[in-house]
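Here are the chains, one letter per residue:
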Amino acid sequence: MPFSPIILWTDALIYLFVAVVLLLIRYVRRSEHLLAAWRRVGHSASGMASATVLSFFLLTGLLDTVHFRPALEHKTDSGDKIYSVEVLSLLDVLVTPIRTQVEKTYSAPLAAHLYAKETIELPDGRQVRDFARLEYGGSHLQNPEIERIPDIILRSGNGLLYGFLAWCGLTAGLILLLAHRRQQTFKQTLHSICHRTAEIPWHAVLITLLILLLMIGSTAMLASHYHVLGTDKVGQDILYQSLKSIRVALVIGTLTSLIMLPFALLLGIMAGYFRGWIDDVIQYIYTTLNSIPSVLLIAAAVLMMQVYIETHPEIFETIASRADLRLLFLCIILGITSWTGLCRLLRGETMKLRELEYIQAAHAFGVSHWRIISRHILPNVMHLVLIATVMDFSGLVLAEAVLSYVGVGVDPSMISFGTMINAARLEMAREPMVWWALLAAFGFMLALVLSANLFADAVQNALDPRNRTLKPRISVYSRAKPAPSTTSHKP
Amino acid sequence: MDNLLQIEQLETVLHTSDKPIRAVDGLSLSIAPGETFALLGESGCGKSMTALSIMRLLPDIGEIIAGKVKIHDTDILQLPETGMRKIRGKRIGMIFQEPMLSLNPVMTIAEQIEEVLKQHLNLTKDAAQKRIQELLEQVGIPDALHRMHEYPFQFSGGMKQRAMIAMALACEPELLIADEPTTALDVTIQAQVLELMRQIQQRKRMAILLITHDLGVVAEMAQRVAVMYAGEIVETATRKDFFSHPAHPYSQQLFASLPNKQKRDQALTVIQGSVPSLAQQFVGCRFADRCNQALPRCHDTIPQWHRADDDHLVRCHLYDAAVTNHPPSIHTPPQAESRPTTASTNHTVLLQVNDLKVYFPIRKGLFKRTVGHIKAVDGVSLKIAAGKTLALVGESGCGKTTIGKSILQLIKPTHGSVRFEDQELVTLKRHQLRPLRSQFQIIFQDPYASLNPRMRVLEILEEGMSALQVDRIDHLQPGDPSMVLPKEQQIDMLLQRVGLSAEVKWRFPHEFSGGQRQRIAIARALAVNPKLLICDEPTSALDVSVQAQILNLLKSLQHNLGLAFLFITHNIAVVEYLADEVAVMYLGRIVEQGRIDEVMNNPKHPYTQALLSSVPQITAEPIQSGRALAGDLPSPAAPPPGCHFHPRCPHVMPVCRERYPNASVISNTHTAHCHLYPQQQHS
Numbered sequence: 001m002p003f004s005p006i007i008l009w010t011d012a013l014i015y016l017f018v019a020v021v022l023l024l025i026r027y028v029r030r031s032e033h034l035l036a037a038w039r040r041v042g043h044s045a046s047g048m049a050s051a052t053v054l055s056f057f058l059l060t061g062l063l064d065t066v067h068f069r070p071a072l073e074h075k076t077d078s079g080d081k082i083y084s085v086e087v088l089s090l091l092d093v094l095v096t097p098i099r100t101q102v103e104k105t106y107s108a109p110l111a112a113h114l115y116a117k118e119t120i121e122l123p124d125g126r127q128v129r130d131f132a133r134l135e136y137g138g139s140h141l142q143n144p145e146i147e148r149i150p151d152i153i154l155r156s157g158n159g160l161l162y163g164f165l166a167w168c169g170l171t172a173g174l175i176l177l178l179a180h181r182r183q184q185t186f187k188q189t190l191h192s193i194c195h196r197t198a199e200i201p202w203h204a205v206l207i208t209l210l211i212l213l214l215m216i217g218s219t220a221m222l223a224s225h226y227h228v229l230g231t232d233k234v235g236q237d238i239l240y241q242s243l244k245s246i247r248v249a250l251v252i253g254t255l256t257s258l259i260m261l262p263f264a265l266l267l268g269i270m271a272g273y274f275r276g277w278i279d280d281v282i283q284y285i286y287t288t289l290n291s292i293p294s295v296l297l298i299a300a301a302v303l304m305m306q307v308y309i310e311t312h313p314e315i316f317e318t319i320a321s322r323a324d325l326r327l328l329f330l331c332i333i334l335g336i337t338s339w340t341g342l343c344r345l346l347r348g349e350t351m352k353l354r355e356l357e358y359i360q361a362a363h364a365f366g367v368s369h370w371r372i373i374s375r376h377i378l379p380n381v382m383h384l385v386l387i388a389t390v391m392d393f394s395g396l397v398l399a400e401a402v403l404s405y406v407g408v409g410v411d412p413s414m415i416s417f418g419t420m421i422n423a424a425r426l427e428m429a430r431e432p433m434v435w436w437a438l439l440a441a442f443g444f445m446l447a448l449v450l451s452a453n454l455f456a457d458a459v460q461n462a463l464d465p466r467n468r469t470l471k472p473r474i475s476v477y478s479r480a481k482p483a484p485s486t487t488s489h490k491p
Numbered sequence: 001m002d003n004l005l006q007i008e009q010l011e012t013v014l015h016t017s018d019k020p021i022r023a024v025d026g027l028s029l030s031i032a033p034g035e036t037f038a039l040l041g042e043s044g045c046g047k048s049m050t051a052l053s054i055m056r057l058l059p060d061i062g063e064i065i066a067g068k069v070k071i072h073d074t075d076i077l078q079l080p081e082t083g084m085r086k087i088r089g090k091r092i093g094m095i096f097q098e099p100m101l102s103l104n105p106v107m108t109i110a111e112q113i114e115e116v117l118k119q120h121l122n123l124t125k126d127a128a129q130k131r132i133q134e135l136l137e138q139v140g141i142p143d144a145l146h147r148m149h150e151y152p153f154q155f156s157g158g159m160k161q162r163a164m165i166a167m168a169l170a171c172e173p174e175l176l177i178a179d180e181p182t183t184a185l186d187v188t189i190q191a192q193v194l195e196l197m198r199q200i201q202q203r204k205r206m207a208i209l210l211i212t213h214d215l216g217v218v219a220e221m222a223q224r225v226a227v228m229y230a231g232e233i234v235e236t237a238t239r240k241d242f243f244s245h246p247a248h249p250y251s252q253q254l255f256a257s258l259p260n261k262q263k264r265d266q267a268l269t270v271i272q273g274s275v276p277s278l279a280q281q282f283v284g285c286r287f288a289d290r291c292n293q294a295l296p297r298c299h300d301t302i303p304q305w306h307r308a309d310d311d312h313l314v315r316c317h318l319y320d321a322a323v324t325n326h327p328p329s330i331h332t333p334p335q336a337e338s339r340p341t342t343a344s345t346n347h348t349v350l351l352q353v354n355d356l357k358v359y360f361p362i363r364k365g366l367f368k369r370t371v372g373h374i375k376a377v378d379g380v381s382l383k384i385a386a387g388k389t390l391a392l393v394g395e396s397g398c399g400k401t402t403i404g405k406s407i408l409q410l411i412k413p414t415h416g417s418v419r420f421e422d423q424e425l426v427t428l429k430r431h432q433l434r435p436l437r438s439q440f441q442i443i444f445q446d447p448y449a450s451l452n453p454r455m456r457v458l459e460i461l462e463e464g465m466s467a468l469q470v471d472r473i474d475h476l477q478p479g480d481p482s483m484v485l486p487k488e489q490q491i492d493m494l495l496q497r498v499g500l501s502a503e504v505k506w507r508f509p510h511e512f513s514g515g516q517r518q519r520i521a522i523a524r525a526l527a528v529n530p531k532l533l534i535c536d537e538p539t540s541a542l543d544v545s546v547q548a549q550i551l552n553l554l555k556s557l558q559h560n561l562g563l564a565f566l567f568i569t570h571n572i573a574v575v576e577y578l579a580d581e582v583a584v585m586y587l588g589r590i591v592e593q594g595r596i597d598e599v600m601n602n603p604k605h606p607y608t609q610a611l612l613s614s615v616p617q618i619t620a621e622p623i624q625s626g627r628a629l630a631g632d633l634p635s636p637a638a639p640p641p642g643c644h645f646h647p648r649c650p651h652v653m654p655v656c657r658e659r660y661p662n663a664s665v666i667s668n669t670h671t672a673h674c675h676l677y678p679q680q681q682h683s
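Here the protein sequences come in this chain order: A and B. At position 4 of the first sequence (counting the first as 1) the number is 4 in our numbering, and the numbers step up by one without a gap. At position 216 of the second sequence (counting the first as 1) the number is 216 in our numbering, and the numbers step up by one without a gap.
Honestly, the hints are just simulated from the structure, not real lab data. All residues carry an ideal CB built from backbone N, CA and C; glycine is no exception. Incorrect hints may appear among the rest.
Computed cross-link-like contacts, DSSO-like style, restricted to lysine-lysine with a CA-CA straight-line distance of at most 27 angstroms [to be verified]: (1) K19/B with K352/A; (2) K352/A with K487/B; (3) K412/B with K352/A.
Ranges of calculated distance between the beta carbons of each label pair, as one might list FRET restraints [stated by the list, open to error]: (4) T82/B with V402/A: 46 to 52 angstroms; (5) K118/B with P379/A: 46 to 52 angstroms; (6) E63/B with V28/A: 38 to 44 angstroms.
Calculated Cβ distances over 10 angstroms to all of chain B for the following chain A residues [as the list claims (entries may be wrong)]: (7) L22; (8) D80; (9) A166; (10) T219; (11) H363; (12) S368.
Let the hints inform the model, and build the full structure from the sequences given.
This is the structure in structure tokens:
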């Protein structure tokens, strides 16, 4: 085998998460009314557009999750293959050029020269202070001053064209699929999409897709010869860093939420529902937890773990697995410390709900506590959970940045938005300013968090039966006076 | 005629997500100075939107698209917002429905009134304070000098509504708009507030636009009445004309659907269906689909105003001389089939409650030590026979609902016994109680809160059945007891039994109207074959016409299934219609108990007497009901010593302040707790 697959801890959890999601989808597909509810997600234009953007992020994250160690060319004496100590992911392989083309130091986006002057030794031995040419960025140009701009325009134009072609292909495929499913001709389907008469707002999806593909196309064409988003202090491509950061952000956002949810749900609902001493105990716990400065708590936990990792180097085969374990623990620690807010919210909401009459009616039927919690209370607090989780998502990505700054965040070898922001932070004060690293991190995070928020909004609207767009009311009375022989009107 | 307020062809739409809703659709009315004009209608017919349009206080989605609102010939719809602010409060005052929500909880009463005064009058600080005190004294707040500096939470519900009235009156407006001013209040407090409004009106010659759904309030207050239906006025008349011979079929059917004593043995006339959606364009009479006298042309021609009498206008084709040769004589509602009085003679006691006490501890301090008790229920004894109805009557806060819940063991009683068919319930554990739960069920007041919005009707109905392992709804299959239909089929039959069609089981509760929801709640309770239903104000959140439907349903269920009801209510008319026996509660204790005719015709306890006389009578002639009961319900945390009622009692004696009276037996079935009557020596 030319590679040996590696499953890191977070990889395993992500695979598990994906499996659970797939199972859930299967379950939903089988039950009629759940399916109908989820279909409504598809009816929201903003929801579908953000889902398209989000799916690109997820795809990048998943590609970055498939890890392996490539085989090296030489073999051991006994003929066994030697695998590299470097752990790569599918994403790394896909973007090999921008991963390997490392410059000396800062360079601006699409530049052909370094960003700072340095002393260059000319072939004749003289020394001049000038902006040196980049090793890779724009290295194919003879005379960058003249050729650079036309070259960039040409290449991005090509990229736009490829992007457009890809979009056309995808659109045609989609329409064919839809036409096949609806038993319509290609033209009819196209017409229904153009005139927005279809139930699902495909036009929103297609417009978003077009914009995305155009951007990806031109970026891909440029990336092989330029640093599209510039390079950082050690000359690494910012675009590559941004792409790598997506996985870390997704992992921190989702895993932490998943770790936090059981605490928040269980404790919050229990406190609100049972009241009495259970409430007192839970309140005491979260008040105590809340009053410890969370940075200190996290720092203490991370430092303890760091010490453990450093004293047991033998359990880690690679640097990546070490960094990964640190990420996992960071998620767990963040999860354990950040459930209090949601828990408090749920406790209050549950206290309100438990006095409602349908809960009282359930008590009158002798329904067990567990069933009341799971059937009556949980579905009615789900909107809070969903909103709080998505809001926390952005908060957690930022928390990672803050913690990385204090030095207790992810492993320094791991690229994340936090480490990117930290690295860029100091350079903001420098003249001329190095702005691209921060801007790249900002742009990617904004797109990720915004699309997640919009999508969660659409989901929440679709799943709440009260928010369903009301059809004109149909009389459901059969007759005012009840009698077993009533004739029922068809609605 | 010199009118104070003249509204011409007012049209207000609400821009909701789907289609614009024409909440007020071409409404015209005029109010003379010093007149009380009542706007009567069911919920959702645009009454409140009319009031808000006059004040120009519509919500953001609302828009007035046509019409004029004139105050003494100034069209206030043309005024700029700054000009409008000089009108609000100064020339038009407004009282809202919910006194608890219309006062700012963090400002004292005096500060809130001062705000109004500052806006419109140039008063010095001292003069303003004096005026506030004067206003509060005017509305009958005792010790106004000190109480004006208290916060709203220190005021009782009735006092808050008085403070609201004082605020509305602060600048002596010419017109007072009262939007359901007493709906949230108890009858005795309602009587006080109505009396106050009458007095003030007489003193100041102020016009009142009274918006209400309560025919009783209209009968007591109004000089002229307009009936509103689906965004337009369908009938205007003087009170006398309106109550002696209502002209529009809607008004007639509204009267017919009121429960009272005379209709005890028959089903109430109901208005079929519900108010049509106001989003549509109407081509005919809006009421045609529900009308019991509809003509063919009602469905395609919009009726114009016709004169039924001198000052009695009605928007109905029946009064169009060109259509019908003779205007319809005053229509008598079709007599619904008469039901024979339930002949069930078995008087086995189904439920027996003895000396039930429910105390809620008041905890204070760091260690939450119990410093006192709220005696919500304080020694109540009841008996309900199988197939009979016991009504529990009392003002809010007297512990009615707590009794209902503690019988079901939803609240553990502090003391006493609840025996259901020789089975003591109080001592049972949660799991021991479960097999018995199917025997007694509860229906709640608010049909919007009593159904889980996330569950479909099918799941709601199944829940009780699966929790109690009921696999067969007995009353649906009188035939072969061994045959068990599939559950879904049983649920279909159950829905039909409560008057809904079977396919509604796939819907969510929010798709139903209040009355339909209440039917679902009844079906849910019936699903487990109960013998006793505790009905906790099941109709008080519903409109009159819907109330009639639910009462009919309950009565027919009792008749067909032999259910016993514990009917908790404050509505005396419903009690007279439905109950076999009555227990009147005051501050956690039953003060009078007896058969319905005994208590209603011959009330012994002064509280019962006051309660009955506070109920507005729906008659053409205003009967000035006896003196309204003074004061408020005392706090159950610190009940007055002796007889709880003595601070408000007109017949108070020294002994009342010292000792709680024992039961006085008036007849075999009729007892009262009052010192006015000879006491039983023991017990």
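Taking the hints in turn, this is what the structure says about them:
no.: 1; hint: K19/B with K352/A; result: 34 angstroms, violated
no.: 2; hint: K352/A with K487/B; result: 33 angstroms, violated
no.: 3; hint: K412/B with K352/A; result: 20 angstroms, holds
no.: 4; hint: T82/B with V402/A: 46 to 52 angstroms; result: 50 angstroms, holds
no.: 5; hint: K118/B with P379/A: 46 to 52 angstroms; result: 49 angstroms, holds
no.: 6; hint: E63/B with V28/A: 38 to 44 angstroms; result: 41 angstroms, holds
no.: 7; hint: L22; result: 25 angstroms, holds
no.: 8; hint: D80; result: 60 angstroms, holds
no.: 9; hint: A166; result: 37 angstroms, holds
no.: 10; hint: T219; result: 40 angstroms, holds
no.: 11; hint: H363; result: 5 angstroms, violated
no.: 12; hint: S368; result: 7 angstroms, violated
In terms of the numbered hints stated before, the structure departs from hints 1, 2, 11, 12, listed from lowest to highest.
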